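Colleague: For reference, the chains in residue letters:
Number of protein chains: 4
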Amino acid sequence: MLFNMRGEATDEEINHIVARIKECGYEAHLIRGKERTVIGVVGNSGRHRSELEALSSAPGVEDIVKISHPFKLSARSMRPEGSQIDLGRGVIVGGKEVIVAAGPCAVESREQIHDVAARVSKAGAKLLRGGAFKPRTSPYSFQGMGEDGLKLLREAADKNDLLVVTEVMDPSQIEVMLPYVDVMQVGARNMQNYHLLRALGETQKAVLLKRGMSATIEELLLSAEYIMAGGNYKVILCERGIRTFDTYLRNTLDIAAIPVIKGLSHLPIFADPSHGTGRRDKVAPMARAAVAAGADGLIIEVHPDPERALSDGVQSLYPDQFAHLMNEIRAIAPAVGRTIAETRFPVEASR
Amino acid sequence: MLFNMRGEATDEEINHIVARIKECGYEAHLIRGKERTVIGVVGNSGRHRSELEALSSAPGVEDIVKISHPFKLSARSMRPEGSQIDLGRGVIVGGKEVIVAAGPCAVESREQIHDVAARVSKAGAKLLRGGAFKPRTSPYSFQGMGEDGLKLLREAADKNDLLVVTEVMDPSQIEVMLPYVDVMQVGARNMQNYHLLRALGETQKAVLLKRGMSATIEELLLSAEYIMAGGNYKVILCERGIRTFDTYLRNTLDIAAIPVIKGLSHLPIFADPSHGTGRRDKVAPMARAAVAAGADGLIIEVHPDPERALSDGVQSLYPDQFAHLMNEIRAIAPAVGRTIAETRFPVEASR
Amino acid sequence: MLFNMRGEATDEEINHIVARIKECGYEAHLIRGKERTVIGVVGNSGRHRSELEALSSAPGVEDIVKISHPFKLSARSMRPEGSQIDLGRGVIVGGKEVIVAAGPCAVESREQIHDVAARVSKAGAKLLRGGAFKPRTSPYSFQGMGEDGLKLLREAADKNDLLVVTEVMDPSQIEVMLPYVDVMQVGARNMQNYHLLRALGETQKAVLLKRGMSATIEELLLSAEYIMAGGNYKVILCERGIRTFDTYLRNTLDIAAIPVIKGLSHLPIFADPSHGTGRRDKVAPMARAAVAAGADGLIIEVHPDPERALSDGVQSLYPDQFAHLMNEIRAIAPAVGRTIAETRFPVEASR
Amino acid sequence: MLFNMRGEATDEEINHIVARIKECGYEAHLIRGKERTVIGVVGNSGRHRSELEALSSAPGVEDIVKISHPFKLSARSMRPEGSQIDLGRGVIVGGKEVIVAAGPCAVESREQIHDVAARVSKAGAKLLRGGAFKPRTSPYSFQGMGEDGLKLLREAADKNDLLVVTEVMDPSQIEVMLPYVDVMQVGARNMQNYHLLRALGETQKAVLLKRGMSATIEELLLSAEYIMAGGNYKVILCERGIRTFDTYLRNTLDIAAIPVIKGLSHLPIFADPSHGTGRRDKVAPMARAAVAAGADGLIIEVHPDPERALSDGVQSLYPDQFAHLMNEIRAIAPAVGRTIAETRFPVEASR
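Protein chains in written order, with my numbering: chain R, 1 to 351; chain W, 1 to 351; chain Y, 1 to 351; chain F, 1 to 351.
What the hints contain is simulated information worked out from the structure, not anything from laboratory work. Hints should not be assumed to be uniformly reliable.
The list makes no distinction among identical chains, and a pair is therefore deemed to hold if it is satisfied within one copy or across any two copies.
[To be verified] List time: in silico DSBU-like cross-link candidates among lysine-lysine, alpha-carbon distance up to 30 Å:
no. : residue 1 : residue 2
1   : 66        : 34
2   : 72        : 34
3   : 122       : 22
4   : 66        : 22
5   : 34        : 122
6   : 96        : 72
7   : 96        : 159
8   : 205       : 72
9   : 96        : 205
10  : 122       : 159
11  : 159       : 22
12  : 151       : 22
13  : 205       : 22
As the structure is a computational prediction, the values presented were derived from the model and not from experiment.
Using the sequences provided together with the hints, build the complete structure.
Modeller: Written out as structure tokens, the structure reads:
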């Protein structure tokens with residue numbers, strides 16, 4: 001941490017900061033420039049750090065500059081070669097293969113989930129996504145099938161050699177979910193629900209942590225840190241669109257976050273072009289862009305009959321659009337040194 | 001809801017939308033303009049509404065336009081005269097008096113909380129704020145004193161004729177908080193934690209609901225709706241700053257949200273100039289601006305020794321700065337037809 | 001400037017930066033912390049500065065931190081007591097009086113501009129605003145009356161003891177404007193039109209410089225710097241709303257920019273609640289908030305018949321709404337140590 | 001256009017709007033829903049349209065909804081097959097080939113520009129970029145070589161079979177530029193400099209129009225409209241990053257704007273990953289993403305010695321990094337049905 005003193009800061013003001021730095025157990029290094037003085041803080045981090053931060057409003061201080069990243073376990077330097085997360089059944093996230101999760105926004109019926117599972121599996125998906133407990137902006141919207149939905153997910157996944165990823169909204173749901181689920185998804189709205197993050201840190205289940213709509217990358221990594229601090233290192237990050245002034249699409253998918261996170265952290269990073277755009281016809285170009293930028297995986301909404309979906313139909317692909325998209329990214333992946341799973345058997349033209 | 005069809009939409013595409021609207025149980029009204037056709041949806045709201053929304057990606061549809069607000073219980077039309085929320089001890093939010101809550105970010109010790117309670121009470125505050133359970137971006141930061149903090153808060157408030165407002169982070173904390181607390185605060189990061197909102201809807205405790213950093217006003221009102229749908233109508237909204245490209249201050253306090261919310265909803269609206277700016281020297285001008293714009297209350301961080309605060313010291317006022325600010329807003333309130341409580345006895349010049 | 005080196009930066013990488021700093025004519029000061037090294041740059045600023053900045057992508061560099069503000073002439077330290085700008089006829093911007101400019105978006109006819117000038121003058125305005133050359137987002141919208149509009153503005157202002165402020169869009173318009181205008185307004189879209197700024201710097205006419213929709217405060221001050229570097233120090237800044245994710249109103253009026261600019265610069269700062277909100281019924285609360293936050297002036301759109309205005313009717317006040325607003329801010333100004341001009345003679349209730 | 005009336009709007013208020021619509025020369029169609037009334041406006045667009053818009057603040061009106069796009073000449077429907085812009089020497093923008101422009105931020109010397117021109121040409125670039133007149137945020141930064149720079153650009157381009165693209169900042173520069181330049185670039189800060197746009201509309205020179213930092217896509221297309229309205233249809237759009245809350249990189253490159261613009265307009269769209277990220281190591285992944293998303297071209301900063309560049313060195317590629325990137329996108333282009341020019345002769349490994 002550095003204190004950037006105002007040009008007109010008095011010696012008394014500078015000395016006050018130096019004294020407080022020492023009281024907090026750090027050393028102070030002064031750089032006296034022509035226009036202003038900068039005070040560097042050196043020493044063991046963590047002790048009374050909040051007191052140091054409080055000094056940023058002290059007289060004579062222009063601002064403070066944080067030098068160290070506040071995240072540690074998720075930092076690239078902890079594992080420079082990158083993390084690989086083994087989900088079982090040979091599915092490894094963060095390796096050479098780009099892993100694709102696909103399925104409906106919500107589980108609606110046995111028929112629906114089996115239908116979609118069969119089709120996305122054929123096309124090369126490795127995980128089946130589908131919500132059983134749905135976070136909805138309005139209390140008057142469909143809230144999900146609950147545990148019945150979990151059972152159907154598991155059943156459909158097993159039948160089609162897929163793993164299951166689904167959203168957990170509250171610590172109280174973890175227990176019921178564990179037997180059915182391979183990856184616990186934390187939604188964007190819950191990225192800073194610290195009770196939930198801590199509870200997931202106490203499991204050994206892989207977590208797909210979505211970036212909040214207005215979360216910085218540092219905040220995303222700090223949320224990963226909450227999970228990892230509990231001993232669960234199986235964290236997969238997910239860029240799903242940020243909120244900007246541009247409201248033509250639902251969100252602005254921050255593709256650059258992919259290489260940025262690759263630089264800062266060893267954790268794998270997925271992209272969600274479905275929520276990231278909110279429109280079916282923009283999903284494919286953004287999925288291709290994410291792979292080209294280096295994403296480790298994609299999570300995509302697919303529904304057998306999007307016009308009759310109980311939620312997110314507007315952004316769900318038809319199954320054969322999904323199969324087509326898989327072919328496109330299969331062609332792009334080698335350009336960035338990656339692969340995509342082959343289709344399991346010929347995709348039927350069915351729509 | 002309206003379907004705005006593309007100029008080049010075919011009759012077949014238009015007919016498909018009309019047919020689907022009828023299948024969903026609504027009437028369709030066509031307006032055929034020179035350049036394009038608009039299809040209005042009329043009828044009972046709510047049934048298969050998500051299916052209608054899914055049609056916005058259908059061929060020939062440019063976009064859909066939502067006409068009705070999705071919030072109902074919180075809408076101004078439900079109570080055109082505005083809500084008044086009686087917190088007890090004669091404190092009514094939403095009336096003529098602008099209510100001020102003040103206190104430290106976190107309860108740190110008996111001495112600290114008693115000291116600050118005495119001083120803010122003298123200056124005219126009606127509620128004592130202070131965190132016992134702290135949501136912190138980093139897992140390595142101070143996380144609060146827990147129930148011991150609640151006890152100290154209650155004790156200090158009672159001694160100084162104040163009510164207590166403190167943050168609840170998880171449904172599991174509600175039970176322990178109820179005996180100590182007059183107003184449950186939902187923090188910005190939890191604004192869309194629906195489990196928490198629903199649990200608060202089942203109590204009869206007043207709730208101070210903070211706007212999320214990137215939440216639209218409609219989303220804030222929908223979160224209020226979650227609480228109210230459970231039967232708890234005692235909801236106080238709070239503008240606390242949004243995230244924008246401008247990072248000179250921690251957040252951009254959206255003062256215009258105050259009159260906007262006044263127009264859309266009957267619920268009272270507070271402003272939090274401490275989190276809304278993140279710097280001590282900007283708190284007073286923004287508190288004045290909020291009152292001038294019509295806020296029903298303020299929530300302000302005050303600490304007896306901000307430089308040694310365990311959190312948020314940078315934005316906490318010294319007690320006599322707070323007393324000075326109270327005098328400033330006492331002069332402004334009449335210009336907007338409001339009042340501020342008198343000082344209880346002369347404020348000591350103490351810093 | 002400081003170089004924040006990565007934790008894993010090698011000695012070779014650090015030495016490279018030190019060598020380059022010296023080559024560029026500066027001294028390098030190292031602070032070696034536990035986790036990383038910071039290199040401070042000390043010396044005469046300006047020389048080869050861009051080369052230093054280019055090093056921020058060099059191997060081993062995490063990022064660079066700029067310590068000094070890049071603006072100089074506009075910095076508070078140049079004139080700690082604040083600038084007062086004398087516009088003539090006793091109108092001084094930046095003094096005790098809050099100065100109000102009012103009038104229609106565009107001059108439309110002699111009758112219109114005389115009508116509105118008489119009414120805003122009575123209510124206490126000191127400047128008449130009105131566009132003669134209009135920047136319009138669409139080439140198909142009304143583009144203004146040109147020089148005829150300037151003549152009408154001058155005539156109406158003179159008759160009602162007002163000064164004239166109007167927008168200049170291009171250096172080629174300055175010559176024709178000079179005889180008619182007291183304050184040249186630079187619109188938000190032109191805030192970084194450097195040719196225009198430089199040309200205005202060569203005049204001695206006061207300039208009202210509006211903040212761009214996505215300009216940081218530092219960028220606004222750098223644009224002021226372009227004008228001042230030419231020798232024209234009569235610059236009045238103006239906050240007029242920034243673009244954020246929240247699109248309920250046209251813009252988000254950044255009230256906090258007022259105290260922030262007061263801290264960073266000696267230049268006076270106005271607020272434009274008309275463009276800042278885009279809706280008539282939000283103008284008054286935001287005008288009040290701006291005054292309460294310390295604005296030196298306001299610029300407000302007023303039209304005798306907003307429903308028939310050729311532009312911006314949606315946000316224009318009716319003349320008696322304006323008179324009412326003037327009374328409100330007359331009550332607020334003393335609370336912040338300011339005054340507002342008295343009504344010149346009783347305001348007629350006329351709407 | 002539609003008027004969305006408030007639920008509580010009176011018949012008188014509704015009738016007023018209907019009457020005003022008719023006065024303005026349009027028909028009014030009412031849709032009376034259960035909760036509210038919507039009034040559709042039908043008829044010839046353009047006449048008194050601003051008066052209609054002014055009604056959005058009238059009593060009883062919730063808001064107005066614009067249905068038609070305000071841009072016409074740039075709309076996809078004008079040329080559903082897409083525009084191809086022939087720049088000469090066989091370079092066609094908007095065809096099967098993805099066109100790459102490359103070169104330094106600013107022309108600094110004959111040696112520099114010849115060196116970089118030779119290298120980017122070999123690697124497959126078709127245009128040479130380089131600034132002669134530089135828009136700089138600070139008046140104290142390097143402002144470009146002026147006409148001498150133009151001559152050097154032309155010379156270096158001709159020698160290496162490249163076309164020239166360079167930025168024009170003011171209408172007064174057009175004349176001097178015409179002989180030297182193949183594509184006139186309008187920078188992000190000038191996207192709404194209407195005098196400049198109009199002046200370019202009167203030439204027949206191709207224009208590369210960059211999106212403003214906070215411009216919506218509709219605004220970008222309206223700026224294109226200013227140029228096209230003058231008769232110059234050779235407009236190439238360019239996404240170069242928008243300003244968001246996330247400041248880790250200089251801008252957020254809005255990759256989704258590429259497919260969105262492809263849907264709305266027939267004009268070709270480039271991406272600028274150099275300004276869009278501001279960091280050398282993020283240029284390649286974002287360039288790949290842009291091609292994968294369907295961009296018609298790229299504009300990339302390349303400098304022979306970025307650490308000694310007079311501007312933008314931090315984001316300039318080394319020549320062999322550029323050659324490597326060209327190879328990467330050469331592998332991606334076929335996956336989206338496109339091609340990239342071959343290297344002209346083997347690229348030397350030179351850095």
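Colleague: Next step is simple, just say for each hint if it's right about the structure.
Modeller: Hint check:
Taking the closest pair of Cα atoms, residue 66 and residue 34 come within 30 Å of each other both inside a single copy (22 Å) and across two copies (14 Å). For a Cα distance limit of 30 Å, the shortest separation of residue 72 from residue 34 across copies, 14 Å, qualifies, whereas the shortest one inside one copy, 35 Å, does not. Taking identical chains as interchangeable, the C-alpha atoms of residue 122 and residue 22 are never at most 30 Å apart, the minima being 64 Å within one chain and 35 Å between chains. Taking CA atoms no more than 30 Å apart as the test, residue 66 paired with residue 22 passes in both settings, with 18 Å inside one copy and 25 Å between copies.
Taking the closest pair of Cα atoms, residue 34 and residue 122 never come within 30 Å of each other, the shortest separation being 67 Å inside a single copy and 46 Å across copies. Proximity of residue 96 and residue 72 under a CA criterion of 30 Å is satisfied intra-copy only: 25 Å inside one chain copy versus 47 Å between copies. Proximity of residue 96 to residue 159 under the C-alpha cut-off of 30 Å is restricted to the intra-copy arrangement: shortest distance 26 Å within a copy versus 43 Å between copies. For a Cα distance limit of 30 Å, the shortest separation of residue 205 from residue 72 inside one copy, 21 Å, qualifies, whereas the shortest one across copies, 40 Å, does not.
Taking CA atoms no more than 30 Å apart as the test, residue 96 paired with residue 205 passes inside one copy only; the shortest distance there is 22 Å, against 47 Å between copies. Proximity of residue 122 and residue 159 under a CA criterion of 30 Å is satisfied intra-copy only: 12 Å inside one chain copy versus 54 Å between copies. Neither within a single protomer nor between protomers do residue 159 and residue 22 lie at most 30 Å apart by alpha-carbon distance, with minima of 64 Å and 37 Å respectively. Taking CA atoms no more than 30 Å apart as the test, residue 151 paired with residue 22 passes in neither setting, with 59 Å inside one copy and 34 Å between copies.
Taking identical chains as interchangeable, the C-alpha atoms of residue 205 and residue 22 are never at most 30 Å apart, the minima being 43 Å within one chain and 45 Å between chains.
Hint violations for this structure: numbers 3, 5, 11, 12 and 13, all remaining hints satisfied.
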